[in-house]
Structures are given as C-alpha cells and as structure tokens.
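A.B. asks: Take a look at the letters that make up each chain.
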Amino acid sequence: MSVEAKRGWMSLPIGGVLLEAGSSVKYKTGNWRAFKPVIDHGKCTGCLLCWIYCPDSAIMRAGEKLVDVNYDFCKGCGICASECPVKAIAMVEE
Amino acid sequence: MTKVMGLTGDEAVAQAAKQSNVDVVAAYPITPQTIIVERFSEYVHNGEVDTEFVCVESEHSAMSACIGASLTGARVFTATSSQGLALMHEMMYIASGLRLPIVMAVANRALSAPINIHGDHSDMMGSRDCGWVQVYAENVQEAYDWTIQSFKIAEDHDVLLPVSVNLDGFILTHSTEDVGTLEDEEVAKFLPPRKPLYDIDPEKPVSVGALCLPDYYFEFKRQQAEAMKNIPRAMRRVNTEYEALTGRKYGALDALEMEDAEAGILCLGSTAGTARFVAKELRERGKRVGVVKLWLYRPFPTKEIVDAIKGLRALVVLDRACSFGAPYGAVCSDIVSALSQSGAKLNVLNGIYGLGGRDITPSDIEAIFNEALRIAETGIVEEPVKFIGVRE
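Quick note, the sequences are listed as chains A and B, same order. Letter 24 of the first sequence, counting from 1, is numbered 24 in this note's numbering, and no numbers are missing. Letter 348 of the second sequence, counting from 1, is numbered 348 in this note's numbering, and no numbers are missing.
Some hints here could point you the wrong way.
[What the hints assert, rightly or not] Once the Cα atoms are required to be at most 27 Å apart in a straight line, the calculated DSSO-like pairs of lysine-lysine come out as: (1) A:K28 x B:K303; (2) B:K221 x A:K26; (3) B:K345 x B:K386; (4) A:K43 x A:K6; (5) A:K6 x B:K221; (6) B:K310 x B:K195; (7) B:K287 x B:K229; (8) A:K28 x B:K204; (9) A:K26 x A:K36; (10) A:K26 x B:K204; (11) B:K345 x A:K6; (12) A:K6 x B:K204; (13) B:K249 x B:K204; (14) B:K204 x B:K229.
In short, the hints are calculated from the structure, not lab data.
With the rest of the complex left out, here is chain A:
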C-alpha cells in the first residue's frame, strides 16, 4: 500500500477516532495470510465446527450447509483445519 495515497496528519480525526461505525468491514485482513484453508467439499460433513471455531467469522454458511471461506477476512490461522473432525480442510501456502 502506498503511504502517499493516504490522508496526512492534518486531515485525520484527532486521537485516531473512527467517525464512521462499522468501518472494519472495509479493512480487509485477508492479506495477512500466509496459508489459506481450502475445503474439500467431498469430505465435508457440514458439522460446522469450523464455523463455530473461526475467530474472525470468516467461514460463510448458507442454512445448515457449509459454503466457503471468506478470504477477504480469513487470516489463515488454521484453527478450522485443526478442528475439522474429518480432515476436510487443508492449509495451502499462498
């Protein structure tokens, strides 16, 4: 990210206050990731333990069925892969 493209100190809110609520949605933390979880949908039983354990709410689900990983926010911690009882999640180097 280029430092030059961002706002300078004179135009930033005093004390680092964020004046807009919910702005963390815009802060994509997915680029912190070194390994990404890849789900083998053939093995996945839809138990949703990964959804429960994910500390970043980055496992997306639709109804009772596991869908996918939200790579915009998944930091690649690997907890989902570690917790998956059927080893359906592999951590793959980015």
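Based on the hints, put chain B in the right spot on chain A.
C.D. replies: For chain B alone, coordinates are given in the frame of chain A:
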C-alpha cells in the same frame, strides 16, 4: 474576591480540583500525594461536590478509569506520586495518544530502590516522553493556580492533551501557606464545563483506540507533536485571563534579575524560592546574579529560555533527578540543546541535587552562584556535571 486560606500544597490542589467542578476522580493513595485524594473523598462524602469518585486498586487502574471517563466527555482529575506514577506509565501514553485533557497532580518523589518517600523529580522526569504537558509549582499558591489553569489549557481544542501539575513532595505538599483562593463562582466562570470534541451519541457512534499499523500510526504521533506546539499560545490566553481575575502573572518561565546578570541559576519547583532569596542577598552585595524558574517543562519553551539566558556568561542548571549515563540531567540536556539550536554561546554547568529529599540550603545556593560567577570570569567549566550536597 480573594479569600486567603491556610492550606498545605495537597489541600490547595484538592481545593482547586473541587472548585474546577470535576466530574470524575479516580485515584489511589500514595505518600506524599495522599491528602489530595483524602480531602477530595471528604468533599464527596460531605456532598460538597457531585463528582463520581472511583476507588481503584492501583494507579494503573486509576489512570485507566480516568481515560474511560475522559472519553465520555467528563472533566477528570487524579493525583499520584513516585511508584504510583511509574505504575501508570503505559496508561499515560494512552491518555495522551487518545488526546484526553486529564489533569493530574504529581507530588514529586524519589523512586525506589532504596525506598524513599521524599521529594525529587525522578518520577516525572521518568515520564518525560509520555506526551503529557508538565508544569512545576514553586509554592502552594502556584500549585492551586496551576491546577485550575491546567484544565482550561488541557481542554482547549487546539491542545487536547493531558497536563501534570508538579509540586515538590513534602516541601510543598505538606507545608502550610497562605493561599489566595477564588470564589467558586469565579472559577465556574473562568472554567465553564468541558466541551468534548466527540459527543457520546448512539445516533453517531465512533470507535476509539482502534489499531493503527505502519500506514497510519505515524500521522497520529505527528498530530500529538503539533498539539504540543499549540500549547504556548493556548497557555498565554489562559494565563492572561487568569491574571485579569487574580492579579497573579504566569507564563512559561519566571525570570528574576536576568536583564544585566552575568551568572544565573535555572531550576524547577520549590528550589526557585531559595535561589531567588539568595540572589537578592547577593545583589545587595553587588553580585550580578539572576534566576530563571521554569514553570513549563513540556513543551520546552526553547525561545523564551534562550531569550532569558543568552545575555549570561555562565549558567548553572539544577536537576533534581539523575539521568544515569546521560551527558547531563534531563533539564540541562534540554538547555544545552536549546542553546545549540539558537547558536547562542554560554558556559553551562549542571548541578544534580536534592535526590531523595536531601535539602538544598541557602548556603548551597550561594556556593553555586559563586561557582557560576567564577565560571563567568574565567570561562572555564572544570567538570560539566557536579553532584551538589552529596558525601564523597
């Protein structure tokens, strides 16, 4: 209308905080500051104030509670000393980084080990770079006056920084003096309720204390540096208004007999009183000596100091704290930097004195002036740093 009250330094600070109509006090007792919070808790108990008094389990919690309270827009006061200030250290950076106008009285005291409860400036000098404004009182009257003025300086929207009002442990905290106090209504008029920059409003939520990585952190520190630069102007406005109210004149420093002085002493706090007493005696004996008392140490009033001392031929800077391993004590390092920046040439000697409450007497000060006069005459500083009043 001035009412003269017999008050100790601690009592005067408590009285000033009471009249400043603070919304929240969160504090933990520590000698020699304890009486400040004791008196304040009595005001709360007696219903003399409507302040929320938060009893906490440590100074770390005290400053944490002050930070939370100040974020809501409250006027917040606390007081501490020595080990207590050291325990607050990390929270002090958060108070200044979040730009919270908290006012804290610091009863300056030595740090352990060896354990000692008496006055020196080691505590606040150790917190020098926390981003807090530092003012130092010479006497009890000044401790009262600075406490009231500090809220107004801190809460100025060009500033929004925490302020520490420093008073020498025991020498001021436990000495009773006649103090000219203001009427409550006068203080209320001088110091209207705080206007916070961001209101607590569920319709307009904000987030504070958010993570700032290398792409933003630096900009917020630059903002803090700028806020410090805005202090002198804000302080002048406050000092002028306070002088109109009380007749008492304040500023970044107080210079005595400096116009034609050859040799001078520069110091902070109560020692300035002794130095001024001795300087007047020496003047009567024809010695051209003067005294600079620094009221404001952070931000450092570089220009005013250089203007005050540049006519001297020798200056002794007194530090009541030791910056171990440094070329000078903290105050003297700043003086030498200020002189270097301005291009002014002046022989400087640094005196480290009074650690752990060791008295500095008029005869000590006279010896220092004589040394300064000798340097003024010869231009030779034999050793740049001297320990004054210590046994070899």
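A.B. asks: Now tell me if each hint is right for this structure.
C.D. replies: Hint by hint, here is what the structure shows:
Between K28 (chain A) and K303 (chain B), the direct Cα distance comes to roughly 47 Å. Violation of the 27 Å bound is thereby established for this hinted pair. Taking the CA atoms of K221 (chain B) and K26 (chain A), the gap is about 24 Å. The hint holds against a cut of 27 Å. Pair hint K345 (chain B) plus K386 (chain B) holds up; C-alpha atoms about 20 Å apart against a cutoff of 27 Å. Taking the CA atoms of K43 (chain A) and K6 (chain A), the gap is about 45 Å. The hint is violated against a cut of 27 Å.
Restraint check for K6 (chain A) and K221 (chain B): satisfied, since their Cα atoms lie roughly 16 Å apart, inside the 27 Å limit. Simply put, K310 (chain B) and K195 (chain B) have alpha-carbon atoms about 41 Å apart, too far for the 27 Å limit, and the pair is violated. A threshold of 27 Å between alpha carbons decides the hint, and for K287 (chain B) with K229 (chain B) the separation of about 37 Å lies outside it, so the pair is violated. With a CA separation close to 24 Å, the supplied pair K28 (chain A) and K204 (chain B) stays within the 27 Å bound.
In summary, the hint linking K26 (chain A) to K36 (chain A) is supported, as the alpha carbons are separated by about 20 Å, within the 27 Å threshold. A threshold of 27 Å between alpha carbons decides the hint, and for K26 (chain A) with K204 (chain B) the separation of about 18 Å falls inside it, so the pair holds. Under the criterion of a C-alpha separation no larger than 27 Å, the hint pairing K345 (chain B) with K6 (chain A) is inconsistent with the structure, at around 44 Å. Between K6 (chain A) and K204 (chain B), the direct Cα distance comes to roughly 24 Å. Compliance with the 27 Å bound is thereby established for this hinted pair.
Of the pairs offered as hints, the one joining K249 (chain B) and K204 (chain B) is violated, with about 42 Å between alpha carbons and a cut-off of 27 Å exceeded. About 31 Å separates the Cα atoms of K204 (chain B) and K229 (chain B), which puts this hinted pair outside 27 Å; it is violated.
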